[in-house]
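Chains as they are written, first to last, in this note's numbering: chain A, 3 to 534; chain B, 3 to 534.
Some clues are possibly wrong.
The list treats identical chains as interchangeable, and a pair is accepted whether it falls inside one copy or across any two copies.
The calculated SDA-like cross-link candidates involving lysine to any residue, where the alpha carbons are at most 25 Å apart (straight line), are [stated by the list, open to error]:
| no. | residue 1 | residue 2 |
| --- | --- | --- |
| 1 | Lys436 | Pro473 |
| 2 | Lys438 | Phe106 |
| 3 | Lys470 | Ile453 |
| 4 | Lys43 | Gly409 |
| 5 | Lys28 | Asp450 |
| 6 | Lys348 | Asp426 |
| 7 | Lys28 | Ser217 |
| 8 | Lys435 | Arg468 |
| 9 | Lys470 | Phe275 |
| 10 | Lys438 | Pro473 |
| 11 | Lys129 | Gly299 |
| 12 | Lys102 | Arg468 |
It should be emphasised that the hints constitute simulated quantities derived from the structure, not laboratory data.
Here the structure is a predicted model, which means the values were calculated and not measured.
Protein chains: 2
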Amino acid sequence: MTLRLCYPLAAWIFILLLPGLSEGGKLLVVPMVGSHWLSMKEVVQKLAERGHEVVVLKPEVSWQMGETQKHAYTVKTYPVSTKLEELDNAFKAYVATHLKSLPFPLNVLALYNISSNAFSTFFLQCKELFSSTETLQYLNQSGFDAVLTDPIFMCGATLANYFSLPFVFFMRGLPCNLHFEAAQCPSPLSYVPRTFSFSSDHMTFFQRVENTLISFLELFYCNGYYRAAIQLSSEVLQRDVSLIDLLNSAAVSIMRFDFVFEYPRPVMPNMVFVGGMNCAEKKPLPKEFEAIVNASGEHGIVVFSLGSMVSEIPMKKGMEIADALGSVPQTVLWRYTGEVPPNLPKNVKLVKWLPQNDLLAHPKTRAFITHGGSHGVYEGICNAVPMVLMPLFGDQMDNAKRVESRGAGLTLNILEMTSKDISDALKAVINDKKYKENIQRLSDLHLDRPIHPLDLAVHWVEFVMRHKGAPHLRPAAHDLNWIQYHSLDVFAFLLAVVLLSLFISVKCCMFCCRRCCFKKGRKSKSGKSKTH
Amino acid sequence: MTLRLCYPLAAWIFILLLPGLSEGGKLLVVPMVGSHWLSMKEVVQKLAERGHEVVVLKPEVSWQMGETQKHAYTVKTYPVSTKLEELDNAFKAYVATHLKSLPFPLNVLALYNISSNAFSTFFLQCKELFSSTETLQYLNQSGFDAVLTDPIFMCGATLANYFSLPFVFFMRGLPCNLHFEAAQCPSPLSYVPRTFSFSSDHMTFFQRVENTLISFLELFYCNGYYRAAIQLSSEVLQRDVSLIDLLNSAAVSIMRFDFVFEYPRPVMPNMVFVGGMNCAEKKPLPKEFEAIVNASGEHGIVVFSLGSMVSEIPMKKGMEIADALGSVPQTVLWRYTGEVPPNLPKNVKLVKWLPQNDLLAHPKTRAFITHGGSHGVYEGICNAVPMVLMPLFGDQMDNAKRVESRGAGLTLNILEMTSKDISDALKAVINDKKYKENIQRLSDLHLDRPIHPLDLAVHWVEFVMRHKGAPHLRPAAHDLNWIQYHSLDVFAFLLAVVLLSLFISVKCCMFCCRRCCFKKGRKSKSGKSKTH
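Please construct the entire structure, taking both the sequences and the accompanying hints into account.
Rendered as structure tokens:
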């Protein structure tokens with residue numbers, strides 16, 4: 003354990019030595035809004051502090067990207083016609099659809115439609131970027147060394163292709179396994195669960211059937227989601243591009259993955275894993291929170307947040323939750339900005355914001371109720387706090403499945419959960435020691451790493467800037483078509499050779515047999531004629 | 003470039019902080035003899051310096067493992083009946099067979115037989131380990147946390163399985179793609195060249211056919227090589243084991259790989275890449291070498307070594323080489339202990355030993371003539387020295403192919419090369435700037451890394467010691483059989499469902515048609531009867 007603590011200490015000294023030593027490069031950052039920006043911001047800030055000229059490109063009206071803190075990077079905006087209200091409404095409608103109880107297949111169709119709508123709203127902003135001559139001129143003249151982008155809306159990838167700049171992806175993942183497919187990384191369907199399958203890596207036969215069917219469906223629905231994006235890219239790049247074309251020339255993919263949390267699977271040499279980089283820095287608690295935690299006594303506290311992107315839920319759900327929270331002796335700190343449930347118990351403190359990672363790091367924290375966003379889950383793992391997960395949308399169901407399959411938390415179905423379900427789950431993760439033991443084990447493994455994920459991310463962005471890409475990490479598979487990649491032409495050729503050899507052998511045998519028989523026949527005939 | 007130099011500096015400060023901070027564990031090391039031990043020794047020494055109790059287990063009579071320098075680890079020997087002469091002779095016969103010009107398929111058969119013989123000699127030593135009750139008792143009582151082993155002769159893996167200890171592999175690779183197969187790592191035959199194929203990752207159709215045929219042959223010949231080892235393991239572990247059984251429970255595989263040199267391909271999360279860890283430490287040249295290098299004038303020097311394991315070659319070959327070396331103005335430092343060729347030119351200095359990495363690091367070094375062993379090739383890459391490669395055996399042909407395909411050197415066929423070929427190749431790599439530019443590019447990429455490979459290796463061995471393995475990095479694929487892994491059962495099921503649906507649909511259609519026809523028929527019949 004001593005050594006585990008020493009590594010981060012030494013790593014920090016290692017990092018402290020680096021700033022100021024680097025030769026400055028020029029980096030263009032095309033981020034994704036909302037929670038995606040949270041950990042990307044840390045990398046961007048670090049790169050700017052290390053002496054690089056970092057320009058973050060965002061629309062004039064963007065969403066959840068407020069720059070409240072001092073930062074070392076430059077922000078460049080481009081004009082858009084979208085209003086903040088429209089973005090808010092698009093996202094609210096998206097969340098609301100997830101909270102509706104519709105029967106199958108209406109639920110799937112409703113989710114597909116609302117997701118496509120949300121995607122379209124953001125694609126529109128990207129379209130307007132390419133209409134802004136002033137912005138394009140500025141970018142063209144800036145002489146960037148590389149682009150760092152979250153690929154979820156393809157805007158950064160299109161821009162990098164447009165300016166022929168090497169680019170680095172920074173992401174949690176993409177729908178339809180695109181992030182692995184574009185990198186030519188095999189994903190065996192038998193033990194690599196697809197996104198939205200909600201399966202673990204140990205699947206039953208029918209889960210494997212389901213996983214395979216999902217992979218077939220992906221062929222269609224991602225082309226649907228991204229239709230507008232592909233159309234825009236094709237127009238901008240003046241050639242027919244596919245999703246894979248757009249993504250497959252990324253030099254390096256920095257992924258917010260850690261195999262304590264993700265299921266082990268094949269990866270590629272240009273993938274860098276930085277899961278949990280968001281929970282490293284710990285600050286002391288603000289006084290008001292310190293006071294609440296200290297007043298919680300021996301029972302300690304429970305931290306409850308449904309993430310920075312969801313601030314309110316339907317009142318009926320809110321009341322059920324409030325009811326359940328009253329059943330535990332812990333003080334519950336609930337981040338919630340909606341209408342206060344009338345049955346709010348005394349042990350529950352509603353707050354508009356909470357220092358989530360710092361609260362989770364406090365030794366008095368007993369449990370974490372979360373929507374299962376990847377940032378929150380990694381904070382739970384870093385700080386070894388067992389979780390109750392209420393996944394809402396996106397990758398959250400899959401994240402919850404991963405935590406639950408490791409015995410480090412319990413998942414509730416937000417549409418069906420009752421007050422009793424919530425109460426039971428919360429009591430279980432607090433009182434049953436196995437949850438704490440499992441999350442502690444995951445935490446120990448997660449924190450035992452040779453280099454801090456933030457430094458790893460910074461290194462690889464700088465690597466691509468210094469060397470103008472990383473072509474030595476690009477597999478030759480990119481130069482093969484589907485038939486060649488799977489060696490189908492080779493197998494067909496070998497089969498043809500085998501069949502031809504067999505055919506010739508059989509023909510030869512038959513010829514020989516016939517010759518023998520003919521000779522025999524002639525002999526016997528001549529014998530016969532002689533006897534006659 | 004400044005930053006590139008700063009990383010190693012900061013990394014060293016990072017390392018210097020670590021020794022003495024670690025809590026000591028107990029590590030058993032089962033090494034492989036010869037050149038394999040060279041870089042493993044560095045990791046073992048570092049681990050011992052960091053306060054772990056490290057025991058290196060080797061036979062009383064071992065080969066090329068002389069401990070000339072002071073070391074912090076303990077060496078434990080076990081009694082064997084083999085004589086040093088026998089080991090020497092087995093290896094000499096192995097090299098001699100590679101230097102014989104035999105027609106196909108006699109050459110393949112001769113190489114297969116001599117390799118099997120060499121393998122058997124070393125397996126015999128492992129068998130004697132398991133006969134030594136005293137050694138087994140000592141190992142059993144020592145309470146090791148983990149085993150670090152080079153898997154090439156399977157002895158360490160058998161021992162680790164016998165004592166149920168977690169184990170870490172340290173290797174360059176294994177024949178028959180075993181190191182990837184056992185780790186459940188996909189190796190697409192279309193762009194991942196098999197060992198001994200001598201192909202690059204960009205293969206023609208017929209090279210891909212050849213690669214596929216080699217993979218079929220591997221199914222047979224590795225079972226042949228390892229027959230004695232599997233038999234011993236099955237006896238020792240008292241169950242039927244296969245090669246894959248022996249290898250697939252390695253917690254972590256530390257591989258002497260770098261994708262500057264290796265072709266990019268799928269990898270697994272429990273694979274750690276430490277290629278080039280052997281060429282980090284640079285010492286000043288001994289005086290006698292310093293004097294030779296300084297006296298070489300503006301032309302500089304050429305470093306020539308066929309590795310630590312081959313010290314002499316047939317006289318005819320030696321004379322051809324000597325002749326060629328006289329054709330360049332550079333001073334050639336040739337590590338050679340055999341009979342001196344009578345035509346040795348003045349610019350060639352024969353030495354019994356040379357500080358290879360330090361000489362390659364000297365700015366006056368213009369070229370490196372090497373047999374293409376992986377240690378030497380990495381030293382060439384680290385120090386950006388273009389190479390002439392004369393591969394002899396093992397992975398050397400594949401290594402040479404990799405260097406040549408990157409335009410950083412030229413390969414000669416040691417059996418067929420003439421004096422002119424050697425001279426032409428040497429002059430080309432010295433005078434044609436492209437070789438220097440290419441090796442410089444590879445070197446820049448190789449040295450630009452976030453953490454030193456030695457520290458990475460040390461971290462992962464300690465990780466396995468601390469956590470008693472790394473089960474979170476073990477893919478679920480290990481729990482599937484071949485049919486399940488490739489989803490053949492799922493595809494068969496889906497096909498059956500589709501066929502059944504089709505069958506039922508067709509039957510329904512036919513039934514409906516028949517009903518319609520029948521009705522029509524009846525109507526028309528009744529119509530007819532009415533008209534009558």
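Starting from the hint list further up, note which numbers the structure goes against and sort them upward. 2, 4, 7, 11 and 12
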